[in-house]
Amino acid sequence: MSEAAPRRRLDAGLAAAAAAGIIVVLAALVSLTGAFDAGLALNIDARLAAPSAAHWFGTDPLGRDVLAMIAAGARVSLGVSLGAVAIGVGAGVPLGLVAAVLGGVGDEAVARFNDLVFAMPSLLLAVLLAATMGPGPANAVIALGVFNVPVFARLARAGARTLLARDFVLAARVAGKGRLRIALEHLLPNLTGLLIVQATIQLALGIAAEAGLSYVGLGAQPPAPSWGRMLNDAQTLTAIAPWLAWCPGIALSVTVLALSVLGERLRDVFDPRARR
Amino acid sequence: MALLTVKGLGVTIRGEALLRDVSFEIASGEVLGLAGESGSGKSLTALAVSRLLPATATATGSVRFEDQPLLEMPEKALCAIRGRGIGLVFQEPATALNPLLTIGAQVAETVRVHLPVSRAEARERAMRALGRVGLDPSRIPLDRYPHQLSGGQRQRVALALAVALTPKLLIADEPTTALDVTTQAQILALLRELAAADGMSILLISHDLAVVAEMADRLAILHRGSIVEAGRTGSVLRSHRHPYTAALVRDFTPAAFAPRVQGPAAAPVLEALDIVREYPGPRTGFLATGPALRAVDGVSLAIGPGERVGLVGESGSGKSTLVRTLLALEAPNSGSVRVAGETLAARPTVPQRRLRRLLQVVFQDPYGSLNPRHRIERIVAEPLHLLDAPLSRRERAARVAAALVDVGLEPGTARRFPHEFSGGQRQRIAIARALVLEPRLVILDEAVSALDASLRTQILELLGRLSEARGLAYLFVSHDLGVVRAVTDRTLVMQAGRIVEEGTTEQVLLAPRHPYTQTLVAATPNLERALAGRAFGA
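Chains as they are written, first to last, in numbering that gives the first Met the number 0: chain C, 0 to 275; chain H, 0 to 537.
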């Protein structure tokens, strides 16, 4: 009885990690080996084929292999989302750390700026941004990345502020270390766990958001496949070719779910209080 | 017949036997003390008896309360006994109460869970219970929330919860450890009063031998999960037949350092001149704030080379703020701190480094004072940052190794991380960090308060040796008068931000003149005094 609970949680974590891993490998295969390139070619003779041994996930109205499109779409989804998280971490973490160690007016300004951005409907504004800057994956990265900045800034600031009161930080100050140096040597290493967890969760949210942008035509442009646009294209065909909607839908759900569960598990791993 | 009989109690968690063959009895109206160091299984015993062990633990043996087997009883029947027959009080009053319920509602809830009474009657009983623990409802209304009360008042509420239904047995696990000595004295007196009025038995768990010596009729000494000695409190503590008990009693009263002969008054190493440190008052309105809180209110002090000075006072007296100001971690609102005659500035500029090299600190909590992500070599070497020229890698390693040897650790430990060390070893590492620059003064901020008596003895011996060998001065900040008495030559007493009494340690602690010092000394549990108050054999 005593051991059942932890083992079940571990399994959920492993399953999530495995699912996320498969998706990443799939995406990597596409970009590196071109294994699916043939499937992406137009083949009108084979259009709207139901799932079979030749086409596991069926084909679309242009005869492209849906499995190949899912795999190619995974690369776009992950790429855009990773880029958005990188912007968030790269700008948000230094901003939050510096605000926390310097304090005063600057700190207050960063905190209120975060509140301001949080108060806005981020996906709607991302749509607006992407629309004004023009569609395409690079602009999608920027539009989604901007809204990741306050997430990481707030987390870094809050985490740093609790660490600042710890005795080891006081000891470093007694040792004459400056604030920025303390931020780098003492605060950042103790925040990495927290940040990795948040990055995983933002990655999941980013994938969902990228699908949203592509759905309204502001993400990757044709002919590059993308999960959001596949869903949009499938709308009118759900009665005759349901696999066209099911396949990208499930891929999207599984990816987001896997990354979310992975984030939860990582939080347990990094949180010493949850370790025992 | 005994009220509670524990026979062959064992507790195993994940295959590890943490409690082995523990047997004791508590008679009606008797106070049984259970003493031992941290990790000896004291709290585990309390949890096992009340069957509140974590789900991963398995208990064996027998626990009989009023002849009912507690370990085999269904949970539902047990709920009727907990609270009604057995009351519980734990160490931390802040977490024992529900922050979202008023104190009256919490006590009334306990009453209504166990008795078929109306809301009004439960409230009536809650009022009486709170009145009994000294929280007069006319002064402290029932609709107060826990956060509006002081630590001592919160512990009184926890006690009211435990005794509202006049249980026959009260299990009190370190009930006064988190409290100041004067509050502790009040709570202990209250416990005695309640026990006498209701004929209640108490299982009193404490690491503090003086507390159990004052309170307990009989005493059991727990060591590594087994009871090594039990008997009348006086005879256990006086004759200590078991070597472990002897060590416990010996370590409890720290050995005094050899008095240091003061040479002619030299220029002080550290001087504080009329320091005032204020914090903004609480917000009283949208823009309005209350009057500023004066944490340190005009403190002046001077510490000469090699002098050992104690600073005592209760929580909230301003000790910690004063320490932070002396270390230039906070700037005073007025007044100044001087090191070797020069003013210490808040910013660690290059010319200031020379001053800061003379002053180091050891904090209370050895778990919080070492960065968990750094190796020991990096932690110990940190103050070397204050040197004018950076050391070569080899010199650095040599300095770190020397500091580690000084505090009795292997130089090879430098490559390891803090979590690989015990609390006592970590405190040695913190001391090594303070010594690596060979400062002239070390501020020890409750540096041994978190340690068990045996470790405390070792660390105090280490500090004594180092201060002898190097003529190191220290400011020993502590709430523990026993330790201050042993290891300092001069003592300052702080209350409400001011130093109210100052003199040689002997004079301040043995013949205090200020009323506050007198209260403090009288409230401090004293093993010798408690034993002297007992008839021999009692």
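None of these hints come from the bench; they were simulated from the model. Worth double-checking, as some hints may not be accurate.
As the list claims (entries may be wrong) - Restraint-style ranges between C-beta atoms, simulated for each label pair:
#, chain 1, residue 1, chain 2, residue 2, range
1, H, P98, C, Q220, 15 to 25 Å
2, H, R282, C, I195, 48 to 58 Å
3, H, P389, C, D114, 41 to 51 Å
4, H, V112, C, P93, 47 to 57 Å
5, H, A510, C, A164, 31 to 41 Å
6, H, A344, C, I195, 35 to 45 Å
7, H, P68, C, D114, 52 to 62 Å
8, H, E15, C, G135, 57 to 67 Å
9, H, E419, C, Q234, 54 to 64 Å
10, C, I195, H, A301, 43 to 53 Å
11, C, D267, H, T94, 43 to 53 Å
12, H, T55, C, I195, 50 to 60 Å
Glycine included, every Cβ here is placed at the ideal spot set by N, Cα and C.
*Can you list which hints this structure breaks, lowest number first?*
Violated: hints 1, 2, 11, 12.
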